[in-house]
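Participant: Take a look at the letters that make up each chain.
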Amino acid sequence: MKTEPAAPDEAPATQAKRLFEPPELPLLVLEDLSLWYGHKQALTGVSMNFPINKVTALIGPSGCGKSTLLRCLNRMNDTIRGVRVSGRVHYHGVNIYDRQVDPVEVRRRVGMVFQKPNPFPKSIYDNVAFGARVNGYPGRQMNELVERSLRQAALWDEVKDDLKASGLALSGGQQQRLCIARALAVQPDVILMDEPCSALDPIATLKIEDLIRELVQEFTIIIVTHNMQQAARVSDYTAFMLLTHEGGPGEVIEYGPTSDIFTNPGDKRTEDYITGRFG
Amino acid sequence: MTRTAFERQLEGIQEDMLVLATMVASAIERSIEALKGRDVELARQVITDDVKINRKRYETEEKCLELFATQQPLAGDLRTIVAVLHIIVDLERMGDHAEGIAKIALLLADEPPLKPYIDIPRMAQLATQMLMSAVEAFKDRDAQRAIAICDDDDEVDALHDQVFRELIVYMINDPKTIQRATYLTWVSHNLERIADRVTNICERVVFLVEGKMTELNVSKY
Numbered sequence: 332m333k334t335e336p337a338a339p340d341e342a343p344a345t346q347a348k349r350l351f352e353p354p355e356l357p358l359l360v361l362e363d364l365s366l367w368y369g370h371k372q373a374l375t376g377v378s379m380n381f382p383i384n385k386v387t388a389l390i391g392p393s394g395c396g397k398s399t400l401l402r403c404l405n406r407m408n409d410t411i412r413g414v415r416v417s418g419r420v421h422y423h424g425v426n427i428y429d430r431q432v433d434p435v436e437v438r439r440r441v442g443m444v445f446q447k448p449n450p451f452p453k454s455i456y457d458n459v460a461f462g463a464r465v466n467g468y469p470g471r472q473m474n475e476l477v478e479r480s481l482r483q484a485a486l487w488d489e490v491k492d493d494l495k496a497s498g499l500a501l502s503g504g505q506q507q508r509l510c511i512a513r514a515l516a517v518q519p520d521v522i523l524m525d526e527p528c529s530a531l532d533p534i535a536t537l538k539i540e541d542l543i544r545e546l547v548q549e550f551t552i553i554i555v556t557h558n559m560q561q562a563a564r565v566s567d568y569t570a571f572m573l574l575t576h577e578g579g580p581g582e583v584i585e586y587g588p589t590s591d592i593f594t595n596p597g598d599k600r601t602e603d604y605i606t607g608r609f610g
Numbered sequence: 236m237t238r239t240a241f242e243r244q245l246e247g248i249q250e251d252m253l254v255l256a257t258m259v260a261s262a263i264e265r266s267i268e269a270l271k272g273r274d275v276e277l278a279r280q281v282i283t284d285d286v287k288i289n290r291k292r293y294e295t296e297e298k299c300l301e302l303f304a305t306q307q308p309l310a311g312d313l314r315t316i317v318a319v320l321h322i323i324v325d326l327e328r329m330g331d332h333a334e335g336i337a338k339i340a341l342l343l344a345d346e347p348p349l350k351p352y353i354d355i356p357r358m359a360q361l362a363t364q365m366l367m368s369a370v371e372a373f374k375d376r377d378a379q380r381a382i383a384i385c386d387d388d389d390e391v392d393a394l395h396d397q398v399f400r401e402l403i404v405y406m407i408n409d410p411k412t413i414q415r416a417t418y419l420t421w422v423s424h425n426l427e428r429i430a431d432r433v434t435n436i437c438e439r440v441v442f443l444v445e446g447k448m449t450e451l452n453v454s455k456y
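Chains as they are written, first to last, in the working numbering: chain A, 332 to 610; chain B, 236 to 456.
These aren't lab readings, by the way, just hints derived from the structure by calculation.
Because the structure is a prediction, the values reported are computed rather than measured.
We put the CB at the ideal spot given by N, CA and C, even for glycine.
None of the hints are false.
Away from chain B, derived, C-beta distances all over 10 Å, residues of chain A:
id, residue
1, TYR368
2, ASN426
3, PHE445
4, LYS453
5, ASN466
6, TRP487
7, GLU489
8, GLU526
9, VAL547
Here are the simulated DSS-like pairs of lysine-lysine, each with C-alpha atoms no more than 27 Å apart in a straight line:
id, chain 1, residue 1, chain 2, residue 2
10, B, LYS447, A, LYS599
11, B, LYS447, A, LYS385
12, A, LYS491, A, LYS453
13, B, LYS374, A, LYS599
Start from the sequences and build out the full structure, keeping to the hints where you can.
Facilitator: Structure, rendered in structure tokens:
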């Protein structure tokens with residue numbers, strides 16, 4: 332792993348361009364964030380706030396840097412060889428790319444759910460308890476934590492009678508909710524979701540979408556999705572990303588309330604994308 | 236990726252709306268012709284043709300619903316379909332007003348004329364012009380023109396007030412004119428309502444272009 336975080340006092344290379352500021356308290360504040368995979372720049376000059384207890388959707392065509400941006404928010408890109416990041420990601424006022432910040436602690440507070448459900452080959456109980464145990468959560472309170480996390484993930488009623496069953500024995504939709512329960516068990520306050528429904532059937536997808544609307548009362552959620560209708564249904568704010576030019580890095584083109592983006596976008600490129608004229 | 240089939244369907248509902256507007260404008264003109272010319276045949280034709288107007292509205296509405304259900308329209312596409320859906324309802328109601336005038340033309344066909352028709356045809360001409368201009372503004376996505384059209388509604392309202400006052404005078408002076416004069420106030424009222432509904436269409440044009448709901452025809456009372 333080779334990551335070169337920006338020095339705290341490093342001046343931004345360009346003037347930060349802030350397209351829109353949600354009125355709510357920001358939980359994550361990005362300042363002029365850029366990212367390179369080796370020599371190839373993948374993101375340029377992203378400056379935006381993610382508001383607390385809101386769902387923000389990142390949309391855009393394949394390869395425009397949505398997942399890369401999402402993974403910047405909990406330093407998941409650190410695990411990729413040759414990645415370099417400049418700019419700042421402030422979380423509770425601390426730049427998570429500061430040298431003294433522990434990326435493991437960042438990932439505990441900023442949890443992540445991936446495209447394909449990936450439960451451990453363990454029991455449902457152990458799947459949920461695993462992260463909490465690693466973080467030293469007291470064993471005598473573990474039952475409570477497992478139940479609370481499964482309830483929060485809207486899975487408890489379906490699995491409460493057989494918590495020893497393998498997590499892999501569940502349906503795809505249940506596995507994804509188990510992964511959400513696993514993420515919740517380490518008590519984060521941000522949940523990043525990278526196309527969490529792309530491998531699920533329509534009913535399982537709607538259950539996850541309902542769950543997202545429930546969870547946002549307690550958590551801040553940022554979701555990458557290719558499904559325009561899903562972004563319109565679940566998110567409060569939407570950011571549209573696009574490459575600056577062919578082969579160039581991704582940037583945020585438009586950011587605003589979801590209702591505005593999907594009924595009356597300000598930028599023709601956003602309009603063309605969400606109405607299916609390209610992408 | 237383009238959406239050729241969807242774009243064709245989207246154009247289709249707009250063309251249907253334009254055809255409906257033309258049918259309604261013709262119904263208004265012919266209803267006034269029937270009134271002026273005491274033409275029973277023409278009045279009956281306007282009444283029969285209203286069924287065609289209604290059918291066209293429902294056909295177009297079904298196509299809009301199908302687009303919602305199958306294409307998940309967003310942004311400008313969504314606003315286009317919503318605008319068409321609202322406008323065809325207004326057009327269909329305008330057709331009903333024309334049918335109402337045609338029915339009065341039938342009632343008055345055997346009665347002696349009360350007075351020469353000057354202001355009522357003028358109102359009809361203004362309302363029809365407003366309608367066709369609003370439809371042009373829709374085609375050209377011209378919000379400013381749509382806003383300007385609403386000024387003509389004041390002129391129609393003023394003519395309506397004038398016709399109403401004049402007919403009241405007839406009724407006061409000669410109670411035998413009350414029935415005919417009352418029928419003509421209904422004609423004037425139908426035309427005034429038609430012009431009002433054109434301002435609704437203009438509001439939809441502004442919504443289509445700017446994405447904002449704006450009330451253009453604010454009550455002066």
